[in-house]
Amino acid sequence: MTVGKAIYNLLLSNADLRAIVDTRIFPEVAQQDAVLPYVVYNVSSNEPSDTKREPSKLDTAQIEVNLYSTSYTECIDMATHTRAALDRVTGTYSGVNVQSIQYLGEIIDFDEAQRTYNITADYDVRISRSDFEIAQGSPITGVTLGELSDVDTTGVTDGQVLAYDASVQEWQPADDAGGVTELGQLTDVQFGQGGPETGELLKYDGSEWTNDTIVKSEIGLGNVDNTSDANKPVSTATQTALNAKANSADFSNVDNTSDADKPVSTATQTALNAKADTSAVPTDLNDLSDVTIVGTPSANQALIYDATANAFKSLVSYTNRFEDEVETGLQMPSVSFERGYSVKSEGDGIFIDPSPDTPTTGKVIKRKIYHKTGFISDADVIGDYTLIHTFADDTAYADTVAVFDGFEDGATYGVPPFTLAQSWEEADEANLLLDTYTGAAGAYSLRKLRTLYTGDAVEVYNGSSYADIGFSNDELDTTALAAHCGSNDGFIRTWYDQGTNGNDATQSTTANMPKIYDGTTGVVTENGKPAVEFDGSDDNFTSTISNITQSFDVYTVHNFNTTPAATERLYDSDNGGRITRGSNSTSNNFAFAGTVLSWSPQQTGQVQETTVYSGVSSLVRVNGTQTASGDAGTNSTGTDLVIGADKTASSQFIDGQIQEFIIFDNSKNATDRSGIETNIATFYDITI
Amino acid sequence: MNGYIIVLPTPTQTSEARAKQITRELYNISRPVLIQAEWEVDSAVFGIVVHPDGVQNALQVDTEYLINVHPAATLERLVACFPELSNDERYSLSSYVQVNQKFPFGHIVPSDTTIRTQEYMVENGWFPDEPTDEI
Numbered sequence: 113m114t115v116g117k118a119i120y121n122l123l124l125s126n127a128d129l130r131a132i133v134d135t136r137i138f139p140e141v142a143q144q145d146a147v148l149p150y151v152v153y154n155v156s157s158n159e160p161s162d163t164k165r166e167p168s169k170l171d172t173a174q175i176e177v178n179l180y181s182t183s184y185t186e187c188i189d190m191a192t193h194t195r196a197a198l199d200r201v202t203g204t205y206s207g208v209n210v211q212s213i214q215y216l217g218e219i220i221d222f223d224e225a226q227r228t229y230n231i232t233a234d235y236d237v238r239i240s241r242s243d244f245e246i247a248q249g250s251p252i253t254g255v256t257l258g259e260l261s262d263v264d265t266t267g268v269t270d271g272q273v274l275a276y277d278a279s280v281q282e283w284q285p286a287d288d289a290g291g292v293t294e295l296g297q298l299t300d301v302q303f304g305q306g307g308p309e310t311g312e313l314l315k316y317d318g319s320e321w322t323n324d325t326i327v328k329s330e331i332g333l334g335n336v337d338n339t340s341d342a343n344k345p346v347s348t349a350t351q352t353a354l355n356a357k358a359n360s361a362d363f364s365n366v367d368n369t370s371d372a373d374k375p376v377s378t379a380t381q382t383a384l385n386a387k388a389d390t391s392a393v394p395t396d397l398n399d400l401s402d403v404t405i406v407g408t409p410s411a412n413q414a415l416i417y418d419a420t421a422n423a424f425k426s427l428v429s430y431t432n433r434f435e436d437e438v439e440t441g442l443q444m445p446s447v448s449f450e451r452g453y454s455v456k457s458e459g460d461g462i463f464i465d466p467s468p469d470t471p472t473t474g475k476v477i478k479r480k481i482y483h484k485t486g487f488i489s490d491a492d493v494i495g496d497y498t499l500i501h502t503f504a505d506d507t508a509y510a511d512t513v514a515v516f517d518g519f520e521d522g523a524t525y526g527v528p529p530f531t532l533a534q535s536w537e538e539a540d541e542a543n544l545l546l547d548t549y550t551g552a553a554g555a556y557s558l559r560k561l562r563t564l565y566t567g568d569a570v571e572v573y574n575g576s577s578y579a580d581i582g583f584s585n586d587e588l589d590t591t592a593l594a595a596h597c598g599s600n601d602g603f604i605r606t607w608y609d610q611g612t613n614g615n616d617a618t619q620s621t622t623a624n625m626p627k628i629y630d631g632t633t634g635v636v637t638e639n640g641k642p643a644v645e646f647d648g649s650d651d652n653f654t655s656t657i658s659n660i661t662q663s664f665d666v667y668t669v670h671n672f673n674t675t676p677a678a679t680e681r682l683y684d685s686d687n688g689g690r691i692t693r694g695s696n697s698t699s700n701n702f703a704f705a706g707t708v709l710s711w712s713p714q715q716t717g718q719v720q721e722t723t724v725y726s727g728v729s730s731l732v733r734v735n736g737t738q739t740a741s742g743d744a745g746t747n748s749t750g751t752d753l754v755i756g757a758d759k760t761a762s763s764q765f766i767d768g769q770i771q772e773f774i775i776f777d778n779s780k781n782a783t784d785r786s787g788i789e790t791n792i793a794t795f796y797d798i799t800i
Numbered sequence: 198m199n200g201y202i203i204v205l206p207t208p209t210q211t212s213e214a215r216a217k218q219i220t221r222e223l224y225n226i227s228r229p230v231l232i233q234a235e236w237e238v239d240s241a242v243f244g245i246v247v248h249p250d251g252v253q254n255a256l257q258v259d260t261e262y263l264i265n266v267h268p269a270a271t272l273e274r275l276v277a278c279f280p281e282l283s284n285d286e287r288y289s290l291s292s293y294v295q296v297n298q299k300f301p302f303g304h305i306v307p308s309d310t311t312i313r314t315q316e317y318m319v320e321n322g323w324f325p326d327e328p329t330d331e332i
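Sequence order for the protein chains is A and B. Quick note on this note's numbering: the first sequence kicks off at 113 and runs consecutively. Quick note on this note's numbering: the second sequence kicks off at 198 and runs consecutively.
Be a bit skeptical, because a hint or two may be false.
Stated by the list, open to error - Some chain A residues judged to face chain B by a derived CB distance under 8 Å, without partners named:
id, residue
1, G575
2, T621
3, A623
4, N624
5, S649
6, D650
7, T654
8, T656
9, S658
10, S762
11, S763
Stated by the list, open to error - Computed cross-link-like contacts, DSSO-like style, restricted to lysine-lysine with a CA-CA straight-line distance of at most 30 Å:
id, chain 1, residue 1, chain 2, residue 2
12, A, K169, A, K117
13, A, K627, B, K217
14, A, K357, A, K344
15, A, K627, A, K641
16, A, K387, B, K299
17, A, K387, A, K374
In case anyone wonders, no lab produced these hints; they're calculated from the structure. Since the structure is predicted, the reported quantities are computational estimates derived from the model, not experimental observations. Note that CB positions come from ideal geometry on N, CA and C, so glycine has one too.
Just need the whole structure built from these sequences, with the hints factored in.
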C-alpha cells in the first residue's frame, strides 16, 4: 500500500492544487473539522503480479480521489489540477517507484447534506518493485544496489568488489585483483642469493635494482678527509726528514741575486708588457695622428676639423665658421641677397656675392640692409628682419661695403647673436608721367601714371557683380577685364584717382556708368588703346575734386564722336560760378571759368588737349598747338567735378570717349607742359 | 532708346519716393540686398531728374539697357511699385523677370507708360535755360 505515499507526494507537490486546498489532502478520510475545499484519496485495490521465480515486481493499485468544494467551478479546477499531477506520471516519489499512472474517469455529484460539490476520480497506479526510475528532485530512499537494472549482486561474497562486464553491460561481483606486497616481488627488483642484508642499499645497475653495499667514491665523496690538519697522521720518515730542515725564519732578508737576475713572475711580466712606452707619449698637439699644424701657429688660429682630411687643422682664423649656414639662410623667397653676416657665440659666417651694378633698361637697382636679432636660419623670411638702411637707387656694390662693415664691426644692433643681410633688387624706374610731374589733384587714366601707385585702374560692373581691374605692364589689364565681363558689357563704377588725394570719379547708377567693355566686341578702344565710352544720354562720373583755385591745368585725351547739335560737356563744376569745358553747335569749343574762351573748328576724333585756367592768361592747346588764349575767367572748381555731363549730371552728356583726364592744381611752366603733352601723345600715338 | 519716364505719385507715395524705389528695385534684381556691399546702399539703375517745380520726378531711362537677373532676386518689391497694374499684368511682369537671366529694361515697361524725349522734357520746363553769362 505504499502507493498512498506516492499519491500524497504528487498531489502535495502540485502548486496549482496547493493554491486551492493548501495542505488539506487527506488519505482515506478527512479530518472532522477540515475546511473546504479539500482532497480525500483512498486506495481501493492493489493487485500484485507474482511470478513463479520471485515475488511480484509490479503492483497495480486502483485509487480514488475525492475532491470537495462549495464551488462548482473550483471543484472542476481541482479535478483538472489533480489529473495534471497524476496522469501519466512516472518516477520515484517518497521511495515508491511509480512506473505509470493512468486516469480512468471521474464523476461529479452534489452532496446535499454538506451542500458541497464532489468529484470522484479513479486512477490505476502501476508500482514497480524492482527497477527504479529516478524522478528529478525526488529523494531516493529504501533502494539497494542490487535493485539497479545494470547491477547484478547475485552470489556476492565478502571482500568482493564490483567489476564491469562490458559483454553484458552489467556490474557484477568479482574478487579483488590485489597486487604485490613486497619489494622483492617487483619485476625490476632482483635480490641476490639469500636476499638483502642489513645496511645494504638498492642500487640500479642499468636494467634492474639490486641489493649492494656502497663506497664514498661512488657517491662523489672520494676526496673526503674528515680529520683536522693537526690530527692528520705524519709518517715517521716524513717527520724525520722535517726535523733535518733549517728554520725559514732565519732567512727572511736574504737577497742573493743581482737586480737583473731577480725573478719576475709571469703575471707581472704580462702586466708590464701592457704598459706604454713613456718615450713614445706625444707631448705636442702636432704629434697626434689626426692633427695637422703647419709651421708655428699664429694668434687667433684654431683647430678646425676637416672632414675630408679626417683631421684637425690649424687655420688662420676662426671666423667664417658658418659660411654655409649664412649662404643657405639668405635664400629667402622673393628676395635676393648679395651679402650676409651672422654671428653667435660659437663663431660667425660670411656670405658675399655681389649682384650686378648695372640695371636692365627701364629698371633701377635698389640695395637695402636688413637686421635681425639672432643667428640666421634656413627658415628665415624677410618678415623676420628689420630694414635698417636703404641705399640710393643704383648705388654700386663697392659703395655699400663701408656702410655694411660699419654695422658689422660696430655690432650696432646689439651683441651677438645677430644677422645682417644686404638685399639687391631691380625695380621699375620711376619714369611714369606723375613720377616726373607732381601735383595732380585728380588723375584718371587707363594706363598707370605713377610708379608708387598701388591701386587699380577702374572698378567694373558686369551686370551682376563688381571687380577691380588693375594694370599689366603699366597698362590696363585687359585680360582680367575680359575674364570679369565675359559676354556681358562692362561699365565703370569707379575711375580711380592715381594721384595722392584719393579723388576717385564714381557713378553709382548702373545705367549711367560709362562703358569699358563690350560683350561682343571686347575692350572699348580708341586708336588702339582702351577708352572709356560715354553714350551721350546719361553716362557721367562725379569726382570729389574740390575747390581748386587758379592757376591750374587740365590735360585730357578725348574725342567727341560727332559735332554736337546741342551742348555736350567734357567736364563741369560749379562753385557759384562754373568752370567747364564743352562743345556746342554755335560756340564750337569753349572753356569757361566766368568768361567764354572759345575756338573752332569743332573737334571730332581723338585729341590731346591742354587747358590752362589762369585768368586773362588762360589758354588751350590741342595736340601740342595753342588754339585759343585769353581771359577764361577766375572761377575755381566747386566741391565736386562732373566728367562727361553738366554740373547737375543730368544733361548735356558727352557722346564720345575719354582715355585720360588729369588736373594739376599747380599750373605747369611751358617746359613741363610740353613734357606732359609729349608723354601723353607718345603713349596714345597722337601726333603733336 | 533713351528717354524719360515721368513718375506719377500714388496715393501712398510721392513722385520722388516712387522714382527712387523703382530704380532701386531694378538694381536689386541684379544685386539682391543680401549680397550688396555697404557702398551699394544707394546704388540704382537709372538716374532721376527733378523738375524745377521740386515735385515732379522722372526716370532717365535707356530701354536697351540690359538688366541681369540674380538667382536670389525677389520681385515682390518691384512689382509693388506698380499698383496700377492688374493682377494679370503683375503676374506677367513677375514671370517674365523670373524666366529670363537678363532682359532689356524696355521689355518690362508697362504698355501705358510713355517714354518722353529730351525735347519734350525741355519744352515742359524740366531743363531750364542756363544763365546768359554761361555757356
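For each hint, the structure was consulted:
no.	hint	in the structure
1	G575	holds, 4 Å
2	T621	holds, 5 Å
3	A623	holds, 5 Å
4	N624	holds, 5 Å
5	S649	holds, 4 Å
6	D650	holds, 5 Å
7	T654	violated, 11 Å
8	T656	violated, 14 Å
9	S658	violated, 20 Å
10	S762	holds, 5 Å
11	S763	holds, 5 Å
12	K169/A - K117/A	holds, 18 Å
13	K627/A - K217/B	holds, 23 Å
14	K357/A - K344/A	holds, 20 Å
15	K627/A - K641/A	holds, 14 Å
16	K387/A - K299/B	violated, 104 Å
17	K387/A - K374/A	holds, 20 Å
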